[in-house]
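**Q** Reminder that position 209 of the sequence shown reads as 209 in the UniProt record's numbering, one-by-one numbering, no gaps.
Calculated from the structure, these hints are not laboratory results.
Positions of the beta carbon are idealized from the N, C-alpha and C atoms, including for glycine.
One thing to keep in mind: the hints can contain errors.
Claimed, not checked - Restraint ranges, calculated between C-beta atoms of paired labels, are given here:
{"hint": "1", "residue 1": "Ala-91", "residue 2": "Pro-67", "range": "24 to 30 angstroms"}
{"hint": "2", "residue 1": "Gly-63", "residue 2": "Ala-165", "range": "35 to 41 angstroms"}
{"hint": "3", "residue 1": "Glu-219", "residue 2": "Glu-39", "range": "40 to 46 angstroms"}
{"hint": "4", "residue 1": "Gly-95", "residue 2": "Pro-59", "range": "24 to 30 angstroms"}
{"hint": "5", "residue 1": "Thr-84", "residue 2": "Gly-37", "range": "36 to 42 angstroms"}
{"hint": "6", "residue 1": "Ala-165", "residue 2": "Glu-39", "range": "28 to 34 angstroms"}
{"hint": "7", "residue 1": "Lys-35", "residue 2": "Leu-223", "range": "42 to 48 angstroms"}
{"hint": "8", "residue 1": "Gly-95", "residue 2": "Arg-131", "range": "29 to 35 angstroms"}
{"hint": "9", "residue 1": "Val-144", "residue 2": "Ser-31", "range": "36 to 42 angstroms"}
Unchecked claim - SDA-like cross-link-like pairs, simulated, lysine to any residue; straight-line CA separation at most 25 angstroms:
{"hint": "10", "residue 1": "Lys-78", "residue 2": "Gly-63"}
{"hint": "11", "residue 1": "Lys-35", "residue 2": "Arg-94"}
{"hint": "12", "residue 1": "Lys-78", "residue 2": "Pro-88"}
{"hint": "13", "residue 1": "Lys-78", "residue 2": "Pro-164"}
{"hint": "14", "residue 1": "Lys-78", "residue 2": "Pro-59"}
{"hint": "15", "residue 1": "Lys-78", "residue 2": "His-89"}
{"hint": "16", "residue 1": "Lys-35", "residue 2": "Arg-73"}
{"hint": "17", "residue 1": "Lys-35", "residue 2": "Arg-23"}
{"hint": "18", "residue 1": "Lys-35", "residue 2": "Glu-55"}
{"hint": "19", "residue 1": "Lys-78", "residue 2": "Leu-66"}
{"hint": "20", "residue 1": "Lys-78", "residue 2": "Arg-6"}
{"hint": "21", "residue 1": "Lys-78", "residue 2": "Arg-181"}
{"hint": "22", "residue 1": "Lys-35", "residue 2": "Ala-101"}
{"hint": "23", "residue 1": "Lys-35", "residue 2": "Ala-149"}
{"hint": "24", "residue 1": "Lys-78", "residue 2": "Arg-44"}
{"hint": "25", "residue 1": "Lys-78", "residue 2": "Glu-141"}
{"hint": "26", "residue 1": "Lys-78", "residue 2": "Gly-95"}
{"hint": "27", "residue 1": "Lys-35", "residue 2": "Leu-103"}
{"hint": "28", "residue 1": "Lys-78", "residue 2": "Leu-110"}
{"hint": "29", "residue 1": "Lys-78", "residue 2": "Arg-23"}
{"hint": "30", "residue 1": "Lys-35", "residue 2": "Phe-4"}
{"hint": "31", "residue 1": "Lys-78", "residue 2": "Ala-135"}
{"hint": "32", "residue 1": "Lys-78", "residue 2": "Arg-34"}
{"hint": "33", "residue 1": "Lys-35", "residue 2": "Leu-62"}
{"hint": "34", "residue 1": "Lys-78", "residue 2": "Gly-37"}
{"hint": "35", "residue 1": "Lys-35", "residue 2": "Ala-72"}
{"hint": "36", "residue 1": "Lys-35", "residue 2": "Glu-56"}
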Amino acid sequence: MTAFPRPLAVIFDMDGTLVDNMRFHSEAWVSLSRKLGVEATAERFEREFAGKKNEEILPLLLGRPLPAEELARLSLEKEIHYRTIYTPHLALMRGAEAFIARLQGAHLRLAVATASPTENRQLVLDGLGIRSTFARVVGAEEVVHGKPAPDIFLAAARGLGVEPAACVVFEDALNGIRAARAAGMLAVGITSTTPPELLREAGAHWTAPDFASLPPELEALLLDGKGASR
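Make the full structure from the sequences, and use the hints.
**A** Structure (structure tokens):
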């Protein structure tokens with residue numbers, strides 16, 4: 001059993017973690033894929049592409065390099081479709097509001113690290129009125145590589161002024177869990193899109209369906225300062 005010291009910071013992925021919206025992203029990707037003559041399933045986007053930057057996803061999807069103008073045009077088309085279908089359903093993940101308030105009460109530093117573009121971050125963080133909750137919001141445009149590379153989580157840690165080992169990451173995607181572990185951080189898998197066993201295989205230390213059902217030992221580690229073991 002490994003004992004963990006109490007973390008100083010918590011970093012949240014956004015899509016599929018703070019909000020349960022990945023099915024809307026997948027629907028928009030599948031729609032675009034079919035328009036482009038490519039057969040792709042929602043499962044492929046959730047398991048293989050989630051956490052990557054759009055400029056990484058589109059060449060993989062189409063099997064060829066894309067010029068900047070085409071990348072921008074297709075990315076914009078997909079994101080507009082996503083925002084159109086998701087906006088009426090905008091809501092925090094179950095238990096997130098209360099959990100974040102408890103983290104603030106425990107004086108932990110909070111950040112968001114997401115591959116979502118600016119307009120999508122505005123929809124969620126400003127639409128739900130939670131942007132001021134986070135000391136740092138890191139987007140895909142600030143890093144070279146999307147998840148599973150650790151870049152975005154390392155940038156969040158630097159922005160919070162803490163060492164990576166002092167951070168806990170909440171993620172729903174396999175690439176996100178891999179990125180958190182590559183960054184040297186503790187990882188919690190939210191099972192909104194991926195089964196717990198796959199998240200654990202990817203490296204998650206704990207898993208939970210939402211923020212209202214977190215493992216007691218994880219809550220103790222974060223909120224009470226008790227060294228949890230795993």
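**Q** Each hint: holds or not?
**A** To see whether the hints hold, each was checked on the structure:
| no. | hint | in the structure |
| --- | --- | --- |
| 1 | Ala-91 with Pro-67: 24 to 30 angstroms | 38 angstroms, violated |
| 2 | Gly-63 with Ala-165: 35 to 41 angstroms | 39 angstroms, holds |
| 3 | Glu-219 with Glu-39: 40 to 46 angstroms | 43 angstroms, holds |
| 4 | Gly-95 with Pro-59: 24 to 30 angstroms | 37 angstroms, violated |
| 5 | Thr-84 with Gly-37: 36 to 42 angstroms | 23 angstroms, violated |
| 6 | Ala-165 with Glu-39: 28 to 34 angstroms | 42 angstroms, violated |
| 7 | Lys-35 with Leu-223: 42 to 48 angstroms | 47 angstroms, holds |
| 8 | Gly-95 with Arg-131: 29 to 35 angstroms | 20 angstroms, violated |
| 9 | Val-144 with Ser-31: 36 to 42 angstroms | 29 angstroms, violated |
| 10 | Lys-78 with Gly-63 | 18 angstroms, holds |
| 11 | Lys-35 with Arg-94 | 34 angstroms, violated |
| 12 | Lys-78 with Pro-88 | 17 angstroms, holds |
| 13 | Lys-78 with Pro-164 | 33 angstroms, violated |
| 14 | Lys-78 with Pro-59 | 14 angstroms, holds |
| 15 | Lys-78 with His-89 | 18 angstroms, holds |
| 16 | Lys-35 with Arg-73 | 14 angstroms, holds |
| 17 | Lys-35 with Arg-23 | 18 angstroms, holds |
| 18 | Lys-35 with Glu-55 | 18 angstroms, holds |
| 19 | Lys-78 with Leu-66 | 15 angstroms, holds |
| 20 | Lys-78 with Arg-6 | 40 angstroms, violated |
| 21 | Lys-78 with Arg-181 | 29 angstroms, violated |
| 22 | Lys-35 with Ala-101 | 43 angstroms, violated |
| 23 | Lys-35 with Ala-149 | 30 angstroms, violated |
| 24 | Lys-78 with Arg-44 | 16 angstroms, holds |
| 25 | Lys-78 with Glu-141 | 17 angstroms, holds |
| 26 | Lys-78 with Gly-95 | 29 angstroms, violated |
| 27 | Lys-35 with Leu-103 | 44 angstroms, violated |
| 28 | Lys-78 with Leu-110 | 29 angstroms, violated |
| 29 | Lys-78 with Arg-23 | 13 angstroms, holds |
| 30 | Lys-35 with Phe-4 | 48 angstroms, violated |
| 31 | Lys-78 with Ala-135 | 29 angstroms, violated |
| 32 | Lys-78 with Arg-34 | 12 angstroms, holds |
| 33 | Lys-35 with Leu-62 | 12 angstroms, holds |
| 34 | Lys-78 with Gly-37 | 15 angstroms, holds |
| 35 | Lys-35 with Ala-72 | 16 angstroms, holds |
| 36 | Lys-35 with Glu-56 | 19 angstroms, holds |
Against the hints set out earlier in the document, violations occur for numbers 1, 4, 5, 6, 8, 9, 11, 13, 20, 21, 22, 23, 26, 27, 28, 30, 31.
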